[in-house]
Structure formats: C-alpha cells, structure tokens
Amino acid sequence: MRKVFPICGEVARSADGAVGGAAVRTAGTDAFGKVETHGIEPIPEGDRHGAPRELAFLWAGAFVNYASLFTASLLTTYYGLGVVDGLVATVTGTVAAAVILGLLSNTGPRSGEPQIVFTRRIFGLRGSYLGGALTLFLAIGWFAVDCVIAAQAGAQLFGGGSAVITFGLVLVIAAISVGVAIFGHQTIKVLETYGALAFAAVSVALFLFLAPQFHWGQAAVVSGSDYLGAVVLGFMTCFALVASWYPFASDYSRYLPATSSTRAVTLWPMAGVVVPMTLLGLFGLLLPTIDSRLAADQGVLAVISAHAPGWVTIPFFLFIVVGEIWANYLDVYTAGLVALAMGIRLKRWQTALGCGLLGTALAAYAVLVSDFHVAYEDFLILTYLWAPAWAAVVLLTFFVFESRRRPALAILAWIAGTSASLVFVNYASLFGNLVQHATFFNDGLVGALHGADLSGLVSVAVAAAVYWTGRRLSPA
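When we follow our numbering, the leftmost residue of the sequence shown carries the number 53, and every step to the right adds one.
To be clear, the hints were calculated from the coordinates, so they are not data collected in a lab. These numbers come from a predicted model, not from an experiment. C-beta: ideal position from N, C-alpha, C; glycine also. Be a bit skeptical, because a hint or two may be false.
[Claimed, not checked] For each label pair, taking beta carbons as the anchor points, the in silico distance ranges come out as:
#1 P96 to V224: 29 to 39 Å
#2 T144 to H359: 51 to 61 Å
#3 D99 to A354: 45 to 55 Å
#4 A358 to S277: 31 to 41 Å
#5 L223 to V256: 28 to 38 Å
#6 A517 to R397: 47 to 57 Å
#7 T144 to G499: 46 to 56 Å
#8 R178 to V256: 20 to 30 Å
[Claimed, not checked] Calculated lysine to aspartate or glutamate pairs in the DMTMM-like style (CA-CA distance at most 25 Å, straight line):
#9 K399 to D137
#10 K399 to E97
#11 K86 to E97
Model the full assembly from the supplied sequences, consistent with the hints where possible.
Structure follows, in structure tokens:
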C-alpha cells in the first residue's frame, strides 16, 4: 500500500511531471463551473489530475496584477533606489521567496492534503491550529487589501476616486471573488490561467506606450550605507509579498498525481511567480520616474492617469480591478479550507462564504484609510513575519526528517525563528505613520543596519538551525 507521506524522489516520474495524459483530464469532483465536492480530506488517486506546469499559470494569476507593480514601485518612490538596483532587489527577493513556495508545493501531490492540514503531522493537531489561525488572518486580510486596491482603481476610472464609488465597488468585487471561490479549485485554476494572460497583454500595451517617457537610467538618491540598507529593505519587501503565500501552497497542488516530479512541482510555481514579478516589477520601478512627485503624493495609478491616453488607461484600470479579483479567489478558497481544518463543521463552500463576508467587512472599513500605501506596507510585513520560520520547519521535516514526528521541537523552532525575526524589524518605518517620534527597543540595531530589515532571513535561519540541531541531537 502506498504511503501517504513517501520519501521524496522515490517514485518514477516523467520529464515534465505529466502522468499518463493527466494534464488534460478533469476529475468529475473537481470540474470547471461546478462546486468542488472535496473538503480537507486527502484527494483520492482516482480524482487526481493535471500536470505541474499548470501551477505556473495559477501562480501567475496571483502575481499578474497591480499588487506586484505597486510593491516594486515602493523601491523607487519611497526607498530611494534607482531603476537598475531596484530591479536587482526585486528579482533577488522574489526568487529567494519563490524557491520556498515551490518546495512547499510538493507537499500537495505527496499527501493530497491542504497545506494547514498537512502540517498536523509536523506541529501536531493543536500546533496546526496556531498556523491555521494565522493563515486565516492572512487570507482574510489579503482579501480585504486586494478588494481595496481593485476598488480604488475602479473608482479612479469611473469617478475620480470618489469614496462612495470605492465603497460600492468593494461590495461588487467581493461578491464576484467569493462567488468564484465557492465553485472551488478547478474553476479558480482555469480563470487564473486566462486572466493572467489577458492582464499581461494589456500591461505590455501600456508599457510600450509609456516607454518613451520613462527615465531608464534614474539612479538611487541614497548612497553609502544608507544605499545598502535600502537595497535590503527592497529585497525584503518583495520577499514578503511572496512569503505571504506560503501557507497556501499545497492547497493548489494537492490534485496533482502523487507521482508528479519534485523538480517540476518546484520549478513551475517559481516560474509563475518570478516572471510576472520581474516584468511588472520593472514597470512599477519605472512609472515613478515619469513624475516622482505625483507618484509620492497620489501613487502610480495617478501617474498612469495623467500621462497615458484613455484608450490605454481604461482597459488597464479595468484589468487592475479584475486582476485583484483573481488573487481574491485564492484568498477566499484557502480561508474556507483553513476554517474546516480548525474544526468548523460546515461544507467547504459555506466556510468560504463566511470568510468572504468577514473580508468584505474589513475591506469596507479599509476604504476609510487615508494613506493606503503605508497601511499596505505595514500589513505586508506584519502578516508574513511568522511564515518564513514556519516554512523552514515544514520543509526540513518533509525533505529531511520525515521518519518521526517531533511536534514540540517543531513548534519551538517555529517560535524561536519568529521571535528572533522581531528583533530585526524596522518598527520606526513600519509604525512611524501611526506614532510620531516613537522609540523602539531595537532602534540602535536598525540604525546600525541603516534601516535594513533582515527579519525574514533571520526567521528562516534561526528556525532551521534550532530544528536541525534538535533533530540531530535527539532523533528519537
């Protein structure tokens, strides 16, 4: 009998990860336009379908949107980096985080389980509840953020940014997002694929039109040690955007056959993340160079509105709205699965609906935030702080120490990594908009690092070191 949690690499695989034509077969329990019947139980072999390359398009759908462009724009608008060094920070931060996301995706085909359910065998049932609660906060929070981004773009297009129109659009966008998430995995996968291609085409058209106005050679406005600090901060900002998806990984790979190639399951999600983040990141870095003051005061959407004709901006703004909805599919779907994993006795579509309604309420409140770009940056860092340490423990267990469970050690390593990361957070930058002239316990350290935020890297390193050492010293 095949083990649910086999040793990685022990099964025979085809070169591209496809198994017996599974790439084109669709199981009846997971079909486009039909409500998915599976909950959090392992997906049976008879219902497995698809190929690893499909993960590239699914994750591209999550990153081919305005959030990727906006995140990169922070590097030239607020961090003081230039175009070239900003692109280096964007790409390296994205690749570093995407490697971990790709590796986590392998837990899906091997177990057939959603990500948080899979971690029960690592952190124990109660330990998995902690990860579940944090993921629920993450998914619902990102749902609210994406709704606001989409609504603001729509309001800019239809009513010059009116708060009333923004509020109304939040409700419409949330309703569409929740509706698709209720249908489930296969519907999401198909819409993400075609949506990513459509948004990419519109983005290319706008990019080509604005290209003559870009200042391609714009250099950094910071220098010396402050420059290095800004590069690290830019690296970690892009790392955080990807890392916030870690607890979602196997939710979208669990339908793949158990014999799927480990390499393919790792590399295809990486491609789906890195390619759009690189291209849209370059776009986001260049947009502020057209009008830096306008970008700093009103954001890059205002730059597009002011410097591109309507025949280009209208489709682009429409796809910003739709693109954020694509990301919302994943947020609501995962939130529904996590709610089930935490013991809520409802059907998957019912938990998805409930989580969507909560996210809608948060998004409706968020439209009142006056300085949204700062609130977004704060949310990015706060929601991802625990995820890198958690991912380090999960991956070490899966690829190295799968023989026996050590939940107490796993939780200890996770907490140690997260706690250590808190020492390296740039709190002054994070909460400066909320508390003026505040002092924080690590101001001296952050000052010595010239504002660089090393929290994510420290989180991974400490958690991995504690867990590795504990398993080696006490294997039984």
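Okay, the hints, checked on the actual structure:
1. P96 to V224: 29 to 39 Å: holds, 37 Å
2. T144 to H359: 51 to 61 Å: Given a distance of about 29 Å, which is not inside 51 to 61 Å, the answer is violated.
3. D99 to A354: 45 to 55 Å: holds, 48 Å
4. A358 to S277: 31 to 41 Å: holds, 35 Å
5. L223 to V256: 28 to 38 Å: holds, 31 Å
6. A517 to R397: 47 to 57 Å: Given range 47 to 57 Å: violated, Cβ gap about 40 Å.
7. T144 to G499: 46 to 56 Å: Given range 46 to 56 Å: violated, Cβ gap about 24 Å.
8. R178 to V256: 20 to 30 Å: Once the Cβ atoms are compared, 49 Å apart, the range 20 to 30 Å for V256 and R178 is violated.
9. K399 to D137: Violated: K399 and D137 sit about 48 Å apart, past 25 Å.
10. K399 to E97: holds, 22 Å
11. K86 to E97: Given that 25 Å is the threshold and the Cα spacing comes to 20 Å, the pair holds.
In the structure shown, a violation is registered for the earlier hints numbered 2, 6, 7, 8, 9, in ascending order.
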